[in-house]
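Novice: Chain residues, written in single-letter form:
There are 2 protein chains.
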Amino acid sequence: MANYKSVGFEHVRITGGFWKKRQEINRDVTADAVYRRFQDTGRFAALACAWREGMPDRPHYFWDSDVAKWIEGAAYILEAGRDEELERRCDEAIADITAHQDETGYFNSYFLSVAPDARFTDREKHELYCAGHLIEAAVAYAHATDKDALLRAMIRYADYIYRVFYIERSAAFDAGGHPEIELALVRLYDATGERKYLELARHFLDQRGRSGRDGPIAPFANMRYDQSHRPLLEQETPEGHAVRALYIYSAMADIASRMDDPAYFQAASRLFEHIVARRMYITGATGSTHIGEAFTVDYHLPNRTAYAETCASIALALFARRMMETRADAVYADTVERVMYNGALAGVSLDGASFFYENPLEIDPAFADVNASTEEKQHMPIMQRKAVFDCSCCPPNIVRFIASIAQSFYTVSEADGTVFVHQYAQSTADLGIGRLTQETDYPADGRITLRIEGGIRRVALRIPLWCRTFTLSVPYKMTDDYVYMDVPESGEIVLDIPMEVQLIEANAAVQNNAWRVAVMRGPVVYCAEGIDNGEKLRSLSLVAGAAFTQEPCELFGLPVLRTRGLRRTGPMGLYARYHREYEEAEITLIPYYAFANRGESEMNVWLHILPSPI
Amino acid sequence: MANYKSVGFEHVRITGGFWKKRQEINRDVTADAVYRRFQDTGRFAALACAWREGMPDRPHYFWDSDVAKWIEGAAYILEAGRDEELERRCDEAIADITAHQDETGYFNSYFLSVAPDARFTDREKHELYCAGHLIEAAVAYAHATDKDALLRAMIRYADYIYRVFYIERSAAFDAGGHPEIELALVRLYDATGERKYLELARHFLDQRGRSGRDGPIAPFANMRYDQSHRPLLEQETPEGHAVRALYIYSAMADIASRMDDPAYFQAASRLFEHIVARRMYITGATGSTHIGEAFTVDYHLPNRTAYAETCASIALALFARRMMETRADAVYADTVERVMYNGALAGVSLDGASFFYENPLEIDPAFADVNASTEEKQHMPIMQRKAVFDCSCCPPNIVRFIASIAQSFYTVSEADGTVFVHQYAQSTADLGIGRLTQETDYPADGRITLRIEGGIRRVALRIPLWCRTFTLSVPYKMTDDYVYMDVPESGEIVLDIPMEVQLIEANAAVQNNAWRVAVMRGPVVYCAEGIDNGEKLRSLSLVAGAAFTQEPCELFGLPVLRTRGLRRTGPMGLYARYHREYEEAEITLIPYYAFANRGESEMNVWLHILPSPI
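For the record, the sequence lines run as chains A and B.
Residue numbers are given in my numbering: position 13 of the first sequence equals residue 13, and the series is strictly consecutive.
Residue numbers are given in my numbering: position 171 of the second sequence equals residue 171, and the series is strictly consecutive.
Please keep in mind that the hints were generated in silico from the structure rather than gathered at the bench.
Only true hints are included.
Only part of the chain A face toward chain B is listed, based on derived beta-carbon distances under 8 Å: (1) I282; (2) A366; (3) I504; (4) A514; (5) A544; (6) T569; (7) G570; (8) P571; (9) G573; (10) Y575; (11) A576; (12) I609; (13) I614.
Chain B regions said to be covered by chain A (calculated; three or more residues, Cβ under 8 Å): (14) 284-291; (15) 507-518.
We treat Cβ as the ideally placed atom computed from N, Cα and C, and that holds for glycine.
Given the sequences, and given the hints that come with them, work out the whole structure.
Specialist: Rendered as structure tokens:
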């Protein structure tokens, strides 16, 4: 295990192209939409801790985390440029938090108003989770604005948590039901240099699955649900609630890099590899079932009933980003890229105003309500993004994820100062020792011109795993899918990755994808929608070897793909003798992230393929 | 609508072949196994109505129906030959029932012992359902043994029900939650000629969906669950609990034929057609979801999570048998045949000792437990037949269904005396006006020699809908898939139906079967099992046009099929570029009804097919 230091996104300015547009929408539409929804639902008002029985908008125990994630996202937006109104909204919320923090340093709007006597008694009530998000928001907001009121308040809170959970052990539990405090404490350590926060983070990791008193979280039968079924270092497979799992694995990676701990590194590596090799959708989404929002078993990746929560995709990127700090293997940055363009981005509409919580890989409106006779419905994902959900973790997570998308662009090797370029986007980075500019229209186009100035002597560029061939303007050496090179005199390096359309197949154990392929263009997964292709998408078939044409599309930001395929014309009746009749069909594919932006429609990522023309 | 009178199975003796063997196993193993399980679980003891709070084996409110179905099945077995032990078992149970019937005629072991004050207060508590099965058992047992103690008792009970529900209307509801009394009353009318029972049956049908006081059955949100959402005559689509639906539709067909009622005929026809055209598995099973054990929406026929209850298959045969009495269209007898060889027969093991309640069309043991972290598991069918279930409706239903399998063999046109031959099996039938003998090894072989003696002048033979060509030894006229002919001087008619292997495809709206076919040999659906074909059955593909070989198999009773197909070899990793590599694979298929008789294994009915070799 080596150490690679991430370059904070605040040192990177995205100056054009795909992510510029997404960041503008995120700033101008999404952040505002989420704010207004949180206002309307009482989430900001709750911060005053004035709710009492009988009043409307009873706070929920995870509301603080929603607000905190929004403040964190707002802070990231403010990093790129001041915005008085946005800052005022943050300051108001922060004023309420700091005003109502109690003398111990504790702050939780739910417990302070709804259940004042129940502090730290129920490990499922998300107290440490909310605390973690508030701490992250505090660090982010202080960095962006130099206003440290929230940071000072949250340091007090962290100190209180340190006392209660580490010194006194006076809480009723040892490890919170929903991880997050661990990540936040590492971050507070990074921001303050105060090692006790790192030790507390590690303490929480060490306690998990070892505590004699932490019990299962109803209605879940065992402690897999929150990754407490055994000590983290002994966990072999990703289990339970996907977001919780990926948050705690992220913290394991943090401890590995911050404490140079090979045991946590090995455990985190093992879990990461298991996910990407057996339990991840091609979109980077995870969580194969809505029951417990959880990982299931190897290769069980149903498309229509995929849970694939937006937050789980983002969480996998958080985990992968952290693994990038432990090892120079492109699988981590590749996974971030997979999430960026697919599983996470699908969570928000193209206009930035509505959201998916679940992101299925197949939608069939005909079967949306498969049981009209019962109250207990078969759970099916919704088919249209919504402005808000009761459980609104995903929208503010989108805000902070997109605003900080550049967080995974660069790392610097602590051993030799090599600058690793993980992601490609039109941007300028100030790396302290020098400046690195990318000129590219990636992923619309695969040509990237790097201009390097200052003291940067050596760079490593990621060759995406999906890439079959590439050209590079300077001599290089390739290891673990990074090409290493000395910076030439001119400071210019040109990498050209052809943006091919590729057909991807799944392992045979993913039985629902047998005889089917997904179409990718570069890092972007494509899908077919009924609106373009007519009904019964599974009747369509691609034909191996058929060419794809690409057609620019303003709405989607990336080209629409078209190819000649076949449509199986079934019998009129329910069952009939098999006949070999097919009709030619033009098949139109759009980026997966853009599905469900033109009304309710069938959608399918995994399309049938015939190995040869018939 | 014409009228066709069923020839009772007691006039038909199966003398060899497929069903002889199944009837022997049914008599020697299944009837005994079900009896012993019902003894062990207290179902027979409950008839003494002596259970009181604190005692073991608390009766369940459907237990009487289990026992009654078993007595009915035993009676059918006794029709074919006396059996002292079997008769003793029945007599003992009957003695308990008659001894504890109360002075009103009421008998229900649950209400008389567990809830004596709650009689006829809760429409979901299966009282009329149990009464119906007891009435059917009584009619059957009296016919088989000439002992009429139970019949007399059940006539008293029926008279009491007539008084309570028709004259006084003093029960707390108008239509029972689980249909069955309606069928039973028609049967009692047939047996006694007493028209009031027919009128009461019709009354129950007329009440359903019209009652102002019958409410929904918890936890089901609306009255579709028990077909009470609107008057039966206005119901357009099959809805709710499949067994309940098919029982009530059967009664509608009974009223149509017994009362020559075109409105009930139209409504029953419409529902029947809707089922076979849109909501029936290829096995004749129905019920696409375990939630409410219910019909869902058109073309929603998932294979792996099929509910496909054995009782629902049997119930569809009951419905189809009754439709055969209203119209000479082969779709009804074809549906009975589909159920006989597939959906119903799969419900019992080859050795007759264990049972499936659910009959999925695809099994993947790798995904049997898709959620280890939660108590609320995703419902998945079991993979091995069991000796008994708590809800044990299916095993005794199997006993009575197999023992009376010949009930659907013949009808006689009331208009012109034409004898309709619906099913083919080695057998002799005494039709009153003459005798009809079938010499055949159907369905092992498709040649049937009919020998006709006595006054039978005209016959009509069903040409199965799956049959493409046939030869017949005498001149005929074909209408609605029956061939009509005069009986020749010789009395001998030879029908030859080639037992071809056929590939069947589903309507394109059944999206999960797209690019897949089911293999049938005559009326028998085949499947692939992992034990013969290796793992990952969805990786296999049939190739259109490839020949099948047939190999006799003692265990299954019908040949095993083999063909040359292909196996898709997926990538090692989870996702990889599509490659066109395949290996040749011999594919072995066995009759669907025989699956899961050789240990836990993958199973699949719908197999991928390539339209041409590659």
